[in-house]
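Peer 1: Take a look at the letters that make up each chain.
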Amino acid sequence: MTYTIRLNVNGKEHTVEVPSRRLLIDCLRYDLGLTGTKEGCSVGVCGACTVLMDGKPISSCLALALFADGKEIVTVEGLAREDRLDRVQQAFIDYGGFQCGICTPGMVVTAKALLDENPDPSVDEIKEWMMGNLCRCTGYYKVIESIQGAARRKRQAGDSDEGL
Amino acid sequence: MSYGKIGQPLGRVEGPAKVTGEAKYTADVLLPGMIWGKVLRSPLPHAKIVSIDTREAEQMPGILAVLTAKDLPDLLIGRRVYDMPVLAKDQVRFIGEKVVVVAAEDPDVAEDALAYIDVEYEDMPAVFDAHEAMKPEAPLLHPDYRSYAHAPEKFFSDIPNVHSHVTWELGDIEKGFALAKQVFEHTFNTPAVHQGYIEPHASVVAIDPDGRVNVWISNKMPVRARELLADVVEIPQERIVVHLAQIGADFGGKGSLMDAPLCYHLAKRTGRPVKMVMTYTEELMAGNPRHPTSVFLRTGVTEKGQIVARQAKVVFDSGAYAAFKPVPFVNIPGAKDAAGVYGTPHIRIDAYSVYTNCVPSGHFRAPGDLQVNFAVESSMDMIAEDLGLDRLEFRKQNLLKDGDWVPGGPQLEEVRVAETLAAAVKASSWNQPKSQPNRGLGLAVSHRLIGTGEANTQLTLKEDGTIQVLTPVPEVGTGAHTILQQIVAETLFLPLDQIRVETASDIFKTDSGSGASRVTYVGGQVVQQAAGELMKLILAVGAKGLGCAENEVVFEGGRVVHSDSDGSLSLAEVAKIGGDGKSALRVKKSLNLSEGPPVTTFTAQVVELEVDPETGQIKLLDVVTAHDVGTIINPLGHQGQIEGGLLQGVGFGLIEELRMEDGQVSTLNLGDYKLPNIRDIPPLTTVLVEEEVGPAPFHGKAIGESSITPTGAAIANAVYDAVGVRFHDLPITAEKVYWALRQQSGGKG
Ligand code: FES
Ligand code: FES
Numbered sequence: 001m002t003y004t005i006r007l008n009v010n011g012k013e014h015t016v017e018v019p020s021r022r023l024l025i026d027c028l029r030y031d032l033g034l035t036g037t038k039e040g041c042s043v044g045v046c047g048a049c050t051v052l053m054d055g056k057p058i059s060s061c062l063a064l065a066l067f068a069d070g071k072e073i074v075t076v077e078g079l080a081r082e083d084r085l086d087r088v089q090q091a092f093i094d095y096g097g098f099q100c101g102i103c104t105p106g107m108v109v110t111a112k113a114l115l116d117e118n119p120d121p122s123v124d125e126i127k128e129w130m131m132g133n134l135c136r137c138t139g140y141y142k143v144i145e146s147i148q149g150a151a152r153r154k155r156q157a158g159d160s161d162e163g164l
Numbered sequence: 165m166s167y168g169k170i171g172q173p174l175g176r177v178e179g180p181a182k183v184t185g186e187a188k189y190t191a192d193v194l195l196p197g198m199i200w201g202k203v204l205r206s207p208l209p210h211a212k213i214v215s216i217d218t219r220e221a222e223q224m225p226g227i228l229a230v231l232t233a234k235d236l237p238d239l240l241i242g243r244r245v246y247d248m249p250v251l252a253k254d255q256v257r258f259i260g261e262k263v264v265v266v267a268a269e270d271p272d273v274a275e276d277a278l279a280y281i282d283v284e285y286e287d288m289p290a291v292f293d294a295h296e297a298m299k300p301e302a303p304l305l306h307p308d309y310r311s312y313a314h315a316p317e318k319f320f321s322d323i324p325n326v327h328s329h330v331t332w333e334l335g336d337i338e339k340g341f342a343l344a345k346q347v348f349e350h351t352f353n354t355p356a357v358h359q360g361y362i363e364p365h366a367s368v369v370a371i372d373p374d375g376r377v378n379v380w381i382s383n384k385m386p387v388r389a390r391e392l393l394a395d396v397v398e399i400p401q402e403r404i405v406v407h408l409a410q411i412g413a414d415f416g417g418k419g420s421l422m423d424a425p426l427c428y429h430l431a432k433r434t435g436r437p438v439k440m441v442m443t444y445t446e447e448l449m450a451g452n453p454r455h456p457t458s459v460f461l462r463t464g465v466t467e468k469g470q471i472v473a474r475q476a477k478v479v480f481d482s483g484a485y486a487a488f489k490p491v492p493f494v495n496i497p498g499a500k501d502a503a504g505v506y507g508t509p510h511i512r513i514d515a516y517s518v519y520t521n522c523v524p525s526g527h528f529r530a531p532g533d534l535q536v537n538f539a540v541e542s543s544m545d546m547i548a549e550d551l552g553l554d555r556l557e558f559r560k561q562n563l564l565k566d567g568d569w570v571p572g573g574p575q576l577e578e579v580r581v582a583e584t585l586a587a588a589v590k591a592s593s594w595n596q597p598k599s600q601p602n603r604g605l606g607l608a609v610s611h612r613l614i615g616t617g618e619a620n621t622q623l624t625l626k627e628d629g630t631i632q633v634l635t636p637v638p639e640v641g642t643g644a645h646t647i648l649q650q651i652v653a654e655t656l657f658l659p660l661d662q663i664r665v666e667t668a669s670d671i672f673k674t675d676s677g678s679g680a681s682r683v684t685y686v687g688g689q690v691v692q693q694a695a696g697e698l699m700k701l702i703l704a705v706g707a708k709g710l711g712c713a714e715n716e717v718v719f720e721g722g723r724v725v726h727s728d729s730d731g732s733l734s735l736a737e738v739a740k741i742g743g744d745g746k747s748a749l750r751v752k753k754s755l756n757l758s759e760g761p762p763v764t765t766f767t768a769q770v771v772e773l774e775v776d777p778e779t780g781q782i783k784l785l786d787v788v789t790a791h792d793v794g795t796i797i798n799p800l801g802h803q804g805q806i807e808g809g810l811l812q813g814v815g816f817g818l819i820e821e822l823r824m825e826d827g828q829v830s831t832l833n834l835g836d837y838k839l840p841n842i843r844d845i846p847p848l849t850t851v852l853v854e855e856e857v858g859p860a861p862f863h864g865k866a867i868g869e870s871s872i873t874p875t876g877a878a879i880a881n882a883v884y885d886a887v888g889v890r891f892h893d894l895p896i897t898a899e900k901v902y903w904a905l906r907q908q909s910g911g912k913g
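If you read the sequences in order, they're chains A and B.
FYI, this note's numbering numbers position 27 of the first sequence as 27, with every residue one higher than the one before it.
In this note's numbering, each residue's number is its place in the second sequence (first place is 1) plus 164.
If you are wondering where the hints come from, they were derived from the structure by calculation, not from laboratory data.
Keep in mind that this is a model prediction, so the values were computed, not measured.
A portion of the hints provided could be inaccurate.
[Stated by the list, open to error] Listed below are the simulated DSS-like cross-link pairs for lysine-lysine, each with C-alpha atoms no more than 27 Å apart in a straight line:
| id | chain 1 | residue 1 | chain 2 | residue 2 |
| --- | --- | --- | --- | --- |
| 1 | B | K783 | A | K127 |
| 2 | B | K900 | B | K477 |
| 3 | B | K740 | B | K626 |
| 4 | B | K740 | B | K752 |
| 5 | B | K673 | B | K626 |
| 6 | B | K188 | A | K12 |
| 7 | B | K838 | A | K56 |
| 8 | B | K253 | B | K212 |
| 9 | B | K468 | B | K590 |
| 10 | A | K56 | A | K12 |
| 11 | B | K432 | B | K234 |
| 12 | B | K432 | B | K253 |
| 13 | B | K753 | B | K673 |
| 14 | B | K188 | A | K56 |
| 15 | B | K838 | A | K127 |
Bound conformation, chain A alone (with noise of 0.2 Å):
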């Protein structure tokens, strides 16, 4: 059985016809060719399939496809704007914020959620926040300064630069 979804990613409109078992995952990847967000366990427990649906940050992977009918998504490929990196984004490379890169992808959305939702994050809200996504190369360190970092920028520029 098929069905035919409309869903709203990085600010286009798509229409798919899906599987009723199709996974937004797969949807995203291999319907829509936005192979930015990565699969790594398949069971929401590494965060690297994370996505902003609505707003919320979510695991695509535990997602079917027709549960983004008619919802706004966000995926990493949807952060930087005409060339110019999100300021989480260029955080992460200047502080060094990760090294193979796989879990990136989840991270930097992850992140962006956060400091949207609270600018100024504690170094135990950021933990708190960023549970669920799991990095094996940096130890994580320096994802919670890459965030810190980010956030401490965004302070210096005011509302100068429209939140990128």
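Fit chain B with the ligands to the known structure of chain A by using the hints.
Peer 2: For chain B with the ligands alone, coordinates are given in the frame of chain A:
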């Protein structure tokens, strides 16, 4: 010494691609007409295959091919010894072994078809423990192991199921024990642990109409992968192109072909590009985890507390196949560190690698080192206590010194273990009075020799004046490409953005790839030498262009300048003039180092922790990691290696275990197989004991496999200090501590 590009905390060259999702990993490769392969795995640990019936699956809509061993060439594979079938033929030897492969347009359809395949098995006696497997009555897994291609004849053994027995000796062990006043014996065990990279193995194969075989594979040694694939699918290497994708971390676990041969056979059968991606469950049941290991130590000590003899028997559970071991002796190199960082005149170490009906084991960051270090450093505390000596003083008294030999290594120079240990102690609360009950301090020290092997590069001056650095080493996450860029920029006095590091595997015939902490050392030297030679070419061609002699030009501000006149040429102009016959200015270089430098790198760690006596929960209060380092080429990457390795060490000490029961892995997803998360990180202090003495370019040393090694032992020693319970097995989970404390109080009461 001060440098321009060396020592800068630079973000990675591939950083923007990784944070935007543009970076392509093997599983991200999408090709027109691509189909999916899925495998049916054995549910039994040891059994004869009586029959396989695939007819029903073949008839299913959407199924494009179903292959069994009889459809493939009758060949075995392995990273060194060829002992593993691509698909099981007459028998299966572990739960999870591949038996049938299916291809379909849709991965779910391929997966569904597996349920319709009928395999009839006949149970065979199985053995799940390496010590059991070494007994005369044990079933033999590979009665013909001596006949396998690349089996290491020099290391054969008559002990059942031992496929490699390696011995390292220094001095005369008998004499050593004769000198000893007291002899101690201890045994320690560690379980299988998974590398825990977040990217499961993936492979893609597409065969062009002209027969060219395109391969994408999560493999850190693409040149070697091409060689191995050519062998097992019986085509000439020249027809294979390995395209380098990003690798979602390796930690030693991604050096095999994994599913690439199956992709090839399916692609050949169907005429379509084929992708296979393991699920994480498949990773955990049939990846290539760290070897479950038991270490028996016998230590002879003089009256004055001097260690004079060390005998070690290290037993590695290879699992069903030795195919994932890369080194020529098909054993685990870390065993040679069984004397630790202590100058011991008489040493004998025996390492046995043993077949069992468990998951085949492979390499994981500092292979063997962690297992052996846990044993050595735990025993140091135990011996000190028995002798009534302070555990720090006992260590200090026995530390390696300049001129000492280490088993399987060189005679050491520039030994800085005492300084490293002192630095760790100083940065910790070691010398403060014990603060509270149930709190404890532990320390452990390790060393790691710098890796050897072969590295290659090709440097080309491009017409736009940039330098292209081709390397066959993929970026596995260690920052190798950034380091190569820095070294070339520094050598040529050019800005970083004028150096472009790119990957290519097909222009090099052989290469060791990434691993063994070798990239900065061997790979760094080869690009440094090539850059030097390229500079000579640039100056020669520049001089010709300027109409003067070679000794009249210098390289200044990125230009070739005639020192007597105002004449100068940019690199782009030099490139356009070109070499003989207008050829591109290019240097291709290979470096093969079979012997390591006479220096090693030391790590000392102090762990402070608290044990909750009610629950057994361990809380790490403070970790100090001190490293003996040379010039640090990229501090950001260097510190990242330390931090990441350390948390893996914490996982090994406290959390991780691939639990197995009768060969069946029971931790089959990342919910059950716990990796440390962001809330598990301890407060960390890093101390770098710096001196410009390393053998790598610009006096660098290696770091990748350092911080992971002593953490397990430091934790175990701290737990003992806190609550007086000695653990001989890792990981030290809350549950184990809880029961041990119950037993302890029961014993007392
Ligand atoms: S892949 Fe979705 S949480 Fe791991
Ligand atoms: S950077 Fe490799 S898993 Fe996070």
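Peer 1: Please go over all the hints and tell whether each is borne out by the structure.
Peer 2: Hints, verified against the model:
1. K783/B - K127/A: Cα-Cα ~16 Å, so holds.
2. K900/B - K477/B: Given pair K900/B, K477/B holds - Cα atoms ~26 Å apart, limit 27 Å.
3. K740/B - K626/B: Measuring from Cα to Cα gives roughly 9 Å; hence the hint holds.
4. K740/B - K752/B: holds (19 Å)
5. K673/B - K626/B: holds (23 Å)
6. K188/B - K12/A: holds (22 Å)
7. K838/B - K56/A: Answer holds: K838/B to K56/A is near 25 Å, not above 27 Å.
8. K253/B - K212/B: Measuring from Cα to Cα gives roughly 9 Å; hence the hint holds.
9. K468/B - K590/B: Within the cut-off at roughly 26 Å; holds.
10. K56/A - K12/A: holds (18 Å)
11. K432/B - K234/B: holds (15 Å)
12. K432/B - K253/B: holds (20 Å)
13. K753/B - K673/B: Given pair K753/B, K673/B holds - Cα atoms ~12 Å apart, limit 27 Å.
14. K188/B - K56/A: holds (26 Å)
15. K838/B - K127/A: Distance ~17 Å between K838/B and K127/A Cα, so the pair holds.
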